[in-house]
Every structure is written in C-alpha cells, then in structure tokens.
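A.B. asks: In order, the protein sequence lines correspond to chains A and B. 1 is the number of the first residue of the first sequence in this note's numbering; add one for each residue after it. 1001 is the number of the first residue of the second sequence in this note's numbering; add one for each residue after it.
Since the hints were derived computationally from the structure, they do not count as laboratory data. Backbone N, C-alpha and C define an ideal beta-carbon position, used for all residues, glycine too. Keep in mind that the hints are not guaranteed to be accurate.
Stated by the list, open to error - Chain A stretches covered by chain B per the calculated footprint, using a threshold of three residues with CB under 8 angstroms from any CB of chain B: (1) 38 to 46; (2) 51 to 64.
What the hints assert, rightly or not - Quick list of in silico lysine-lysine cross-link-like pairs, DSBU-like style, CA-CA up to 30 angstroms: (3) 69/A x 1035/B; (4) 1109/B x 69/A; (5) 1035/B x 1100/B.
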Amino acid sequence: MSPLLIALLPLIQQGIPEVVGLIKSLMGLKKKYPALTDEQIHAVVVAATAENEAGFDDLMARIAADQPKP
Amino acid sequence: MTRALPLPILALLLSGCATPTAPTTPQAPTAPQIKLAQDVTVLRNALPVALTALQAARSAGSIPADAVTVAESKVLVPLAQLGKTIDAELVSGHDWPTQKAAVLTVIAKAGISAAAANLPAQAQVILAAVLGSYNTIAASVGGPQLP
C-alpha cells in the first residue's frame, strides 16, 4: 500500500470533504487511465462508502422509533 | 468530348465522401467494486425516501398501519443491514472474487423477496425504487433479482 494511501485512509474513513473530493477525482481518472492499482480502487471504494453507514444507521433508528411498542 | 456530370448526380457522389472521423477510445469499464459501492449509495439515498412515503401513506389512511410495520421491519431494515454488510465487505481489502461471493451469500440470506411480495399494492409501488436498487446490486454480483 502506498504511503500516500496509508496517510489518507483515516481521513477518507472520516469523510473529510476535501479528501472525498480528491478520491472522487480519482474515479474520473479511472475512466481515462484504466490501469488504476488495487490500492487506488480500494481508496475510491472507501470514500464512496464513507457516508453510507451513518445513513443506514439513521434509517434504522427512525424505523425503531416508529415501530409499535409491544 | 466528355459531358460534365449533372449537378444532382455530382452532389450525390460527393455526399458519399464523408470526412473520416478520428477513432474514439472506448471508455474503460468501472471497477466492479466501485460500481457496487455506488449502487449501495443509491440504495442508501432511496431508503429514507421510501420510509417517509410509507409513513405519509399511513397517515393518509391509504396503507394499513400493520402493512407499514411489515414494510419497515421486513423490507427496509433488511435492506439497510444488507447495505451495511456490503459496505463492510467492500472495505475489507479482500479480492473481488471473495467480495463477490460474500455479497452473494448476504443477498441470498436477506429474504427480501418473500416479504415484499406479501405487501399491499400501494406499498409495493412506494418500495419500487428501493427494490430496484436491490436488483441492481444483486445483478452486479450475479445474484437473483426480484420480479
């Protein structure tokens, strides 16, 4: 894994907007220069999934609050 | 003495001489892990919209409360859990064949099909977008899709 990616990974997982934007730009590069490394693909995936967990948790909390109590 | 070609025939001949266009480079396919991550994000965005619509329909009396309860607990929650599980697998660092097999297993266990089929028609209409997202995810790993 490249030193850059090691340094970026915690920031990506925190969903830092600028880092997420950087990674999204890599997604465009993937189309233009198809030979992205596995590390680069992994970084893109981490960025794309960074916000999902909070969204899913929020939904489940809303549903739990809405469900009839026994 | 040669005769000049009539103008319409000359135009017809020249129209066939199209300017050659430069060959375009076909767009490289997106890595399957990236596409699947994007598909899960689409699902994540669609779920709260469906939840809000179900609750509004219940308030309006157009969907029974117990049907909304079932839709929430048997469709929306499993879909959210599926999304989280897929995301966790995608960031695991496993190779794509391993990830694909793991996602396929999770999809098979989710049991979305049976739950969705027994809901009232209006609930199924509201859930169409999230179920469509589910089908897109299932298709990306070669899994069974909902009718």
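A.B. asks: If a hint holds in the structure, say so; if it does not, say that too.
C.D. replies: Results for each hint:
Beta-carbon proximity to chain B at under 8 angstroms applies to 5 residues in the region 38 to 46 of chain A; the threshold of 3 is reached and the given coverage holds. Judged by the Cβ-Cβ criterion of 8 angstroms, the region 51 to 64 of chain A is covered by chain B as claimed, because 11 of its residues qualify and three suffice. About 39 angstroms separates the Cα atoms of residue 69/A and residue 1035/B, which puts this hinted pair outside 30 angstroms; it is violated. Distance check on the hinted pair: residue 1109/B and residue 69/A sit about 27 angstroms apart at the alpha-carbon level, within 30 angstroms; holds.
Restraint check for residue 1035/B and residue 1100/B: the C-alpha separation of about 12 angstroms stays at or below 30 angstroms, so the hint holds.
The structure shown violates just one earlier hint, number 3.
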